[in-house]
Amino acid sequence: SQQGEEDPQALSIQEGENATMNCSYKTSINNLQWYRQNSGRGLVHLILIRSNEREKHSGRLRVTLDTSKKSSSLLITASRAADTASYFCATDAGNQFYFGTGTSLTVIP
Amino acid sequence: NAGVTQTPKFQVLKTGQSMTLQCAQDMNHEYMSWYRQDPGMGLRLIHYSVGAGITDQGEVPNGYNVSRSTTEDFPLRLLSAAPSQTSVYFCASSPRGMGYEQYFGPGTRLTVT
Chain A
1 SQQGEEDPQA LSIQEGENAT MNCSYKTSIN NLQWYRQNSG RGLVHLILIR
51 SNEREKHSGR LRVTLDTSKK SSSLLITASR AADTASYFCA TDAGNQFYFG
101 TGTSLTVIP
Chain B
1 NAGVTQTPKF QVLKTGQSMT LQCAQDMNHE YMSWYRQDPG MGLRLIHYSV
51 GAGITDQGEV PNGYNVSRST TEDFPLRLLS AAPSQTSVYF CASSPRGMGY
101 EQYFGPGTRL TVT
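Chains A and B, in that order, give the protein sequences.
In terms of the numbering used here, the first sequence opens at residue 1 and continues consecutively.
In terms of the numbering used here, the second sequence opens at residue 1 and continues consecutively.
Please keep in mind that the hints were generated in silico from the structure rather than gathered at the bench.
There's no promise every hint is true.
Stated by the list, open to error - Here are the computed lysine to aspartate or glutamate pairs in the EDC-like style, where the Cα-Cα straight-line distance is at most 20 Å:
hint: 1; chain 1: B; residue 1: LYS9; chain 2: B; residue 2: ASP73
hint: 2; chain 1: A; residue 1: LYS26; chain 2: B; residue 2: GLU59
hint: 3; chain 1: A; residue 1: LYS69; chain 2: A; residue 2: ASP7
hint: 4; chain 1: A; residue 1: LYS56; chain 2: B; residue 2: GLU101
hint: 5; chain 1: A; residue 1: LYS26; chain 2: A; residue 2: ASP7
hint: 6; chain 1: B; residue 1: LYS9; chain 2: B; residue 2: ASP26
What the hints assert, rightly or not - Just some of the chain B residues that point at chain A, by a computed CB distance under 7 Å:
hint: 7; residue: GLY42
hint: 8; residue: LEU45
hint: 9; residue: GLY51
hint: 10; residue: ILE54
hint: 11; residue: GLY58
hint: 12; residue: PHE90
hint: 13; residue: GLY97
hint: 14; residue: MET98
hint: 15; residue: GLY99
hint: 16; residue: GLU101
hint: 17; residue: PHE104
hint: 18; residue: GLY105
hint: 19; residue: GLY107
Since this is a predicted model, take the numbers as computed values, not measurements.
Glycine included, C-beta positions come from ideal geometry on N, C-alpha and C.
Could you build all of it, start to finish, from the sequences and the hints given here?
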């Protein structure tokens, strides 16, 4: 399987703190994306970073990509209770997307 | 726009029964895909389509069929349901697939007894 893995599997922080989650993948990629999934709902796209980019920002989100280590990190700054969700990375190869196993983030008010 | 819609939301099948999960999108997206989500496994690609009339297998295609007769619709057929197919199924679409974000439907929770 080319599926990636997120680390940690679960993360619990206080509101206002920063949350960092990591994604490792196995093969060369063209792009890497991060998605959020609220409990019982479909996934929502957060940010896309291309293989020739090293860092990207979107609002309170910061994504880094290290293709030499085949890894990416997602930083959520100044977390809010509404950020409580599962977060997945997704890589693409050929015409297929490969999702990681997810990080479950709980933000405590 | 309604985005990506899926029906039904919940379904219970007996082993051996067949059924079709419906997926439709109104964004004129070329790329559509089906995933299953199991606890601790993330999402795994079942089948995908890069345009009307073109489908291909993903990571876990066994036991499932798809067709893409129109740009809008991408139904997933379970030929003979098995308990191992108990899962949550998500349909997604994307303007052109790779390099573009995917838009997900709300999911279908399927239980096979």
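Going down the list of hints, with the structure as the test:
no., hint, in the structure
1, LYS9/B - ASP73/B, "holds (17 Å)"
2, LYS26/A - GLU59/B, "holds (15 Å)"
3, LYS69/A - ASP7/A, "holds (15 Å)"
4, LYS56/A - GLU101/B, "holds (15 Å)"
5, LYS26/A - ASP7/A, "holds (15 Å)"
6, LYS9/B - ASP26/B, "holds (19 Å)"
7, GLY42, "holds (4 Å)"
8, LEU45, "holds (6 Å)"
9, GLY51, "violated (11 Å)"
10, ILE54, "violated (10 Å)"
11, GLY58, "holds (6 Å)"
12, PHE90, "holds (6 Å)"
13, GLY97, "holds (6 Å)"
14, MET98, "holds (5 Å)"
15, GLY99, "holds (5 Å)"
16, GLU101, "holds (4 Å)"
17, PHE104, "holds (4 Å)"
18, GLY105, "holds (6 Å)"
19, GLY107, "holds (6 Å)"
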